[in-house]
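Asker: Sequence:
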Amino acid sequence: MITIEVNDRSVLDALHKLADAMADTTPLMADVAGVLLGESERQFASESGPLGAWPGLSDTTQALRAKAGYWPGKTLQQSGQLAASVQVEHGNGWASIGSNKVYAPMQFFGGTTSAQSMIPNKRIPARPFLPMNPETHAITPEAEQTVLEVLSGWLDKIIAN
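Numbering of the sequence shown is given in this note's numbering, commencing with residue 182 and proceeding in unit increments.
Keep in mind that a hint or two might mislead.
Using 27 angstroms as the maximum straight-line C-alpha spacing, the simulated DSS-like pairs for lysine-lysine come out as follows [as the list claims (entries may be wrong)]: (1) K282 x K255; (2) K338 x K198; (3) K255 x K303.
If you are wondering where the hints come from, they were derived from the structure by calculation, not from laboratory data.
Sequences and hints are given; from them, build the entire structure.
Answerer: Listed below in C-alpha cells is the structure:
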C-alpha cells in the first residue's frame, strides 16, 4: 500500500473548511430549495414538465371553465391556488418541495376522479408541476444541473474564503 501524507498548509486548510461547512449544510439546502421552487415556477409558466408539454384540457373542462369565465386560460392555473401552494422546506442535509392542496397529487401524477367529483369517473392526465419525474421520482435534469451548479459555487466559495 502507498501512503501519501499531505503537509501543505493550504490544502489542509481547504479540507478543514470543507469539513466544517459539511457539518451544517442548511445554507446550501436553502439554495437547493430555491432551485426547486424556481424550476416549479418555470414549469407552470411553460405548462410543461419532465415528460414534455402538459396535455391540453378536455372539452368538458374547457366548457366548464368558459362558463365560469376562466377560459381561455392556462392549464392548472384557473385560480392560481395550486401554483401559489407550492412550498419548499430545507434543513441540514435535505430540501423538499410540495403542495398542501388535496388535488395536487391527482394533477401531478394523474388518475381517475371519484364518483363525487365535479367531473365524475374521468381520467386526469399527469401534469407534473414539480421538478420531479412522476414515473421515476427522479429530479428533473434541469433541476439537477442547476443544483450541481449551486453546489459547485458553494464549494468554490468555501475554499476561497
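Asker: Does each hint hold? Answer for all of them.
Answerer: Here is how each hint holds up against the structure:
1. K282 x K255: Roughly 18 angstroms between the alpha carbons, so the hint for K282 and K255 holds.
2. K338 x K198: Given that 27 angstroms is the threshold and the Cα spacing comes to 10 angstroms, the pair holds.
3. K255 x K303: Given pair K255, K303 holds - Cα atoms ~20 angstroms apart, limit 27 angstroms.
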